[in-house]
Amino acid sequence: MFAALLLLAIVALVVLWVIGAYNGLIGLKNKVANAWKQIDVQLKRRHDLIPNLVNTVKGAMDFERNTLEAVIAARNKAVNATGVAATARAEGELTQALGRLFALTEAYPDLKATGNVAQLQEELTSTENKIGFARQLYNDVATEYNTRQATFPTMLIAGVAKATPAELWQITDDTERAVPTVDLSTTKPAP
Amino acid sequence: MSEAANLFAQQESNRRRSTWLVIGFIVFFAWVGFGGDLAFGLLTADAPAGEYHHVVPFLGIFTTLVAGGICWYSWRFGPRQVLWATGAREVVEPATPEERQLVNVVEEMAIASGLPKPKVWIVPDDDPNAFATGHDAATASIAVTAGLLRTLSRDELQGVVAHEMAHVQNLDVRLMTLLAGMVGAIALMSDGMGRMLRGSRGVRMGGGGASRDRGKGGNPLAIVVLVLWLLTLLVAPIVSRILAMAVSRKREYLADATGAQFTRNPLALAAALEKLEAASAPTKAITRGAAHLCIVDPAPGLLSSREGFFADTLASHPPIRQRIARLQGMGYLGEVGGPTSSVIGPPTPPSPR
Chain U
147 MFAALLLLAI
157 VALVVLWVIG
167 AYNGLIGLKN
177 KVANAWKQID
187 VQLKRRHDLI
197 PNLVNTVKGA
207 MDFERNTLEA
217 VIAARNKAVN
227 ATGVAATARA
237 EGELTQALGR
247 LFALTEAYPD
257 LKATGNVAQL
267 QEELTSTENK
277 IGFARQLYND
287 VATEYNTRQA
297 TFPTMLIAGV
307 AKATPAELWQ
317 ITDDTERAVP
327 TVDLSTTKPA
337 P
Chain V
2 MSEAANLFAQ
12 QESNRRRSTW
22 LVIGFIVFFA
32 WVGFGGDLAF
42 GLLTADAPAG
52 EYHHVVPFLG
62 IFTTLVAGGI
72 CWYSWRFGPR
82 QVLWATGARE
92 VVEPATPEER
102 QLVNVVEEMA
112 IASGLPKPKV
122 WIVPDDDPNA
132 FATGHDAATA
142 SIAVTAGLLR
152 TLSRDELQGV
162 VAHEMAHVQN
172 LDVRLMTLLA
182 GMVGAIALMS
192 DGMGRMLRGS
202 RGVRMGGGGA
212 SRDRGKGGNP
222 LAIVVLVLWL
232 LTLLVAPIVS
242 RILAMAVSRK
252 REYLADATGA
262 QFTRNPLALA
272 AALEKLEAAS
282 APTKAITRGA
292 AHLCIVDPAP
302 GLLSSREGFF
312 ADTLASHPPI
322 RQRIARLQGM
332 GYLGEVGGPT
342 SSVIGPPTPP
352 SPR
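First to last, the sequence lines map onto chains U and V. Taken in order, the first sequence gives residues 147 to 337; the numbers are from my numbering. Taken in order, the second sequence gives residues 2 to 354; the numbers are from my numbering.
If you're looking for bench data, these hints aren't it; they were derived computationally from the structure. Be aware that one or more of the hints could be misleading.
Listed next, the in silico BS3-like pairs over lysine-lysine satisfying Cα-Cα at most 30 Å (straight line) [what the hints assert, rightly or not]:
#1 V/118 - U/190
#2 V/120 - V/251
#3 V/118 - U/183
#4 V/276 - V/120
#5 V/120 - U/177
#6 U/183 - V/120
#7 V/118 - U/177
#8 U/223 - U/190
#9 V/251 - V/118
#10 V/251 - V/285
#11 U/175 - V/118
#12 V/120 - U/190
#13 V/276 - V/251
Some chain U residues near chain V, calculated using beta-carbon distances under 10 Å [to be verified]:
#14 180
#15 181
#16 184
#17 264
#18 265
#19 268
#20 269
#21 272
#22 275
#23 276
#24 277
#25 278
#26 279
#27 282
#28 283
#29 286
A quick note: this is a predicted structure, and the numbers were derived from the prediction, not measured. Quick reminder that beta carbons are idealized off the backbone N, C-alpha and C, glycines included.
Could you build all of it, start to finish, from the sequences and the hints given here?
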């Protein structure tokens, strides 16, 4: 009698634990998906802002055609990228190209003086920051999710919850890790 | 995962403290009321049959109801009241580049903390300061002064907003806003009671003279209760303020740390605090009752730069130098072995007072 009750209690505990762990994993999985969507929203916003910026500065920066084209090319590549790793790489390149463009605009005081460019720059800086923070959040949540499903005892039910490790947003490229170098010596407009 | 656990512990502790605060507040008001009833009841117990006997404790019933009303009001309208008292205006459509930047920075920090975007307010005051209020993340408001927008760089502003978002996430805002309402109510009540007592003293003394109490020296229990009751009224405003300060001081270090975790840039907040400390002008728009809500003490005195028993008890914020030193410690810790750590060296320890 006592043994049967004990067994029943243990079984009930195990069942409760399985339910809790399963729900925890699913909750985290949704959090990861949601965090990824946050990044997506910001990326889309950046892609929308870039043509505006390029159009605004095009007239004044005719010399810098290469830089502008690089930005456009990087943007189009980023728009079409799919998957975490590919998107991360394409967006990283776009960040680089934008960084070069912003550094160049410093050489055009007239351009900076017009409110439009300053405003666009603030918008892009903010979007860039938001991407960074969304990525930070995504990586934090994804790491928690990955740790949970790989550690004992939750790993026992990871298969039931169809939990697979989420891909982290990493910097994979060595050139991206490096600080962007901008050479202004040859691109200065004539005074 | 330990961070998440820590966060839940913080939120839970703030919820619990908020509840206890409300309970303590009502109990205090009940004591003010029923204690008064008891004292008057004992004083008039020996009075002759024809004179007034204080039997129905209507003072106690009245004050308890008032306390309940104040709690409800602080809860319901506290955030709005705090914002209204500072003359803040909400930024709905950013008009200037500065406002645009503020709204952007708040959005960035909302993303970094994974919380909904709070409402953004600007306080028309030239002194740099900032505070957050609300019940929870969904109803939170972040207010900064116009002076803050002018003084700080984008990164520093981000640090300050991150600090306020940390208060929102920890649910500090709930506790702090409740406290603000109650500190104000207690100060008001103590003033009012004091005035009432002074006004009624003559009448009561006359009545006492007419009864036979004088010859016996009165009921000693009644005197004790009366003295205790008066003492409570006298110290209540001070105690309530000390309580508010004590609660807020601990939260500041934690909010600094959590904010740094959002921006991953503790040095920007340290730089912002340096600038806030350098701006010596008091923030006039923010009154004492809401001082504990702000990122730095709006009326810094000698205390804000000191440590020690009195400073620890009476200041609403830990010394700024101490906060800066801790943030700088975090900043350099993240760069151990990096190129800057050898150049800048260890953080300077806070100067002893």
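So, going through the hints one by one against the coordinates:
1. Pair hint residue 118 of chain V plus residue 190 of chain U holds up; C-alpha atoms about 19 Å apart against a cutoff of 30 Å.
2. A distance of roughly 25 Å separates the Cα atoms of residue 120 of chain V and residue 251 of chain V; the hinted pair therefore holds under the 30 Å criterion.
3. For the given pair, residue 118 of chain V sits about 16 Å from residue 183 of chain U by alpha-carbon distance, which is consistent with the 30 Å threshold.
4. Restraint check for residue 276 of chain V and residue 120 of chain V: satisfied, since their Cα atoms lie roughly 25 Å apart, inside the 30 Å limit.
5. Proposed proximity of residue 120 of chain V and residue 177 of chain U is supported: the alpha carbons are some 24 Å apart, at most 30 Å.
6. At roughly 23 Å between alpha-carbon atoms, residue 183 of chain U and residue 120 of chain V fall within 30 Å of each other, so this suggested pair holds.
7. Between residue 118 of chain V and residue 177 of chain U the alpha-carbon distance is near 17 Å, which keeps this suggested pair within the 30 Å criterion.
8. Restraint check for residue 223 of chain U and residue 190 of chain U: satisfied, since their Cα atoms lie roughly 13 Å apart, inside the 30 Å limit.
9. At roughly 25 Å between alpha-carbon atoms, residue 251 of chain V and residue 118 of chain V fall within 30 Å of each other, so this suggested pair holds.
10. The hinted pair formed by residue 251 of chain V and residue 285 of chain V meets the criterion: a straight-line CA distance of about 24 Å does not exceed 30 Å.
11. Our distance criterion of 30 Å between C-alpha atoms is met by residue 175 of chain U and residue 118 of chain V, whose separation comes to about 23 Å.
12. For a cut-off of 30 Å, the pair hint linking residue 120 of chain V to residue 190 of chain U stands: about 24 Å separates their Cα positions.
13. With a C-alpha separation of about 22 Å, the suggested pair residue 276 of chain V and residue 251 of chain V falls inside the 30 Å cut-off, and the hint holds.
14. Contact between residue 180 of chain U and chain V, as hinted, is supported at the beta carbon level, the nearest pair being about 9 Å apart and thus within 10 Å.
15. For the restraint placing residue 181 of chain U at the interface with chain V, the shortest Cβ-Cβ distance is roughly 8 Å, inside the 10 Å limit, so the hint holds.
16. For residue 184 of chain U, the interface hint holds, the least distance from its beta-carbon to any beta-carbon of chain V being 6 Å, beneath 10 Å.
17. Restraint check, residue 264 of chain U versus chain V: the minimum CB separation of about 7 Å is within 10 Å; hint holds.
18. A hinted interface residue such as residue 265 of chain U counts as satisfied when its beta carbon comes closer than 10 Å to some beta carbon of chain V; here the least separation is about 6 Å, so the hint holds.
19. The beta carbon of residue 268 of chain U comes within 6 Å of a beta carbon in chain V, closer than 10 Å, and the hint placing it at the interface holds.
20. Taken as an interface hint, residue 269 of chain U checks out: its beta carbon lies about 7 Å from the nearest beta carbon of chain V, inside 10 Å.
21. Residue-level restraint check for residue 272 of chain U holds (minimum Cβ-Cβ distance to chain V is 4 Å; threshold 10 Å).
22. Evaluation of the residue 275 of chain U hint against chain V yields a held restraint, the C-beta minimum of about 5 Å falling below 10 Å.
23. Because the closest C-beta pair between residue 276 of chain U and chain V is about 5 Å apart, less than 10 Å, the hint holds.
24. The interface hint given for residue 277 of chain U is met, as the beta carbon of that residue sits about 9 Å from the closest beta carbon of chain V, less than 10 Å.
25. Of the supplied interface hints, the one on residue 278 of chain U holds, with its beta-carbon coming within about 8 Å of a beta-carbon of chain V, less than 10 Å.
26. Annotation: residue 279 of chain U was flagged as interfacial toward chain V, and the flag holds, the nearest CB pair being 4 Å apart, inside 10 Å.
27. Interface hint at residue 282 of chain U: satisfied, since its Cβ lies 6 Å from the closest Cβ of chain V, which is below the 10 Å cut-off.
28. With a cut of 10 Å, the hint placing residue 283 of chain U at the interface with chain V holds, because the nearest CB-to-CB distance is about 5 Å.
29. Checking residue 286 of chain U against chain V: minimum C-beta separation of about 8 Å stays under 10 Å; hint holds.
Consistency note: the structure conflicts with none of the earlier hints.
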